[in-house]
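Peer 1: Kindly produce the complete structure, drawing on both the sequences and the hints.
There are 2 protein chains.
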Amino acid sequence: MAGPVTAAVLVIGDEILSGRTKDRNIGYIAEYLTAIGVDVREVRVVPDIEEEIVAAVNALRVRYSYVFTTGGIGPTHDDITADSVAKAFGVAIDVDPRARAMLLEYIKPEDLNEARLRMARIPAGAELVPNPVSRAPGFWIGNVIVMAGVPTIMQAMLDQVAPKLQTGVRMLSETVRADAREGDVGGPLGAIAQVNPEVSIGSYPFMADDGRPNTNLVVRGRDPAKVAAAVAQVRAMVEGLRKPG
Amino acid sequence: MAGPVTAAVLVIGDEILSGRTKDRNIGYIAEYLTAIGVDVREVRVVPDIEEEIVAAVNALRVRYSYVFTTGGIGPTHDDITADSVAKAFGVAIDVDPRARAMLLEYIKPEDLNEARLRMARIPAGAELVPNPVSRAPGFWIGNVIVMAGVPTIMQAMLDQVAPKLQTGVRMLSETVRADAREGDVGGPLGAIAQVNPEVSIGSYPFMADDGRPNTNLVVRGRDPAKVAAAVAQVRAMVEGLRKPG
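Quick mapping for you: the protein sequence lines, in order, are chains A and B.
In terms of the working numbering, the first sequence is numbered consecutively and its last residue is 245.
In terms of the working numbering, the second sequence is numbered consecutively and its last residue is 245.
Treat the hints loosely; a few may be bogus.
[What the hints assert, rightly or not] Using 25 Å as the maximum straight-line C-alpha spacing, the simulated BS3-like pairs for lysine-lysine come out as follows: (1) A:K108 x B:K22; (2) B:K22 x A:K22; (3) B:K108 x A:K243.
Hints are computed from structural coordinates only; laboratory data are not their basis.
Peer 2: Here it is, written out as structure tokens:
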């Protein structure tokens, strides 16, 4: 049986690192891929510097089944993702006639200036990822999928790509609300985690609407029977805590 | 003259990678540090796995002036950041009497169970970072600052740490709204970027309230005169585009 299908997300852009723009793609991609059976194992954010992008692409693509990049595929001089990915793969890059044709569905020929033609530069051997929002495509080369940074466009591209991804057994996740402080469940929860090594159990404190500290206990795993067994133990533990002394 | 002061942010937590929790710390820390003259150069998100945390801490701490971590310092078995950071530095870790005393400001002695005492485990040689929200401290070892994942607590810890950071010359940033599509400014903007190598110029498309595509052009740099010169050129370029024919 094949192992899990894994992914990394690589966000490219000075504007995220300066805090000027708040990223909205990491959480979206993480939730989306988890739901279809692809485990996101790592995220990196790097600046618009070619050697940083090349290094990150090459570090991640050998470690994970897929790498999803966002950002840096627009028409301006600071959009260097396509060239950087070509360099990471050691392939040529030039204006791709298929990408050019896609741009012309949206842009009048007289407006297809040199800047806009940058958006048709695609590394040799890449498949295009159609962009139903504003036409300029992303692309897929090797196991690296290059998408726009604008969330609406990125989301539309991910919809295009998802049906073609290899996916694994979906990670199941069940949440038990403890109605207790995290420090009070910590001991017994650790004991349950120890005897259930094939699931992972997370503990997430939150402030309930009644203003009291509360905790969500999340059991995650791929085997439904093992998840159910651990959830039963967590529920029993939580109910035990509720009984008066 | 010393070079810029740099930082990486390391977010630790399966719940971010699964998309269950949406990160709200990266953008906050990025904006905060940028404002005080610390450049965030890289962000990573890694799972609750010791070897991944150790590897990321060690990769980042040699590259940047500071590493800020968030998450994994609570009372449950899945909170392994403190132990992982101790391992990364090759130092011992045990319950720290100062941290224990801080917990006792908030927790009754009879409630200070083994799980809660985990929150007082601090690597040898670390300075504590007080937590005015819920007492359990973060810590600072070498150039690594370990903070909570809960945003309100992380923010309070960052306020504690900020006055003690070395900071560099603050990055200045000025935004010019193009009132044009990104593809129409791309060419002339690239030319301006080329003759102003000591500033960085970013181009960020957005949808204006009137429903028309618009573009923010952002000039960033540390030398006020050089930023002003580039901004003047960008403004002149933008005004040129607005002139009819």
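Peer 1: Could you run down the list of hints and mark each one as holding or not?
Peer 2: Hint-by-hint comparison with the structure:
1. A distance of roughly 40 Å separates the Cα atoms of K108 of chain A and K22 of chain B; the hinted pair therefore is violated under the 25 Å criterion.
2. A C-alpha spacing of about 12 Å is found between K22 of chain B and K22 of chain A, which places the hinted pair at or below 25 Å, so the restraint holds.
3. Proximity of K108 of chain B to K243 of chain A is assessed by CA-CA distance (about 21 Å); at most 25 Å being required, the pair is judged to hold.
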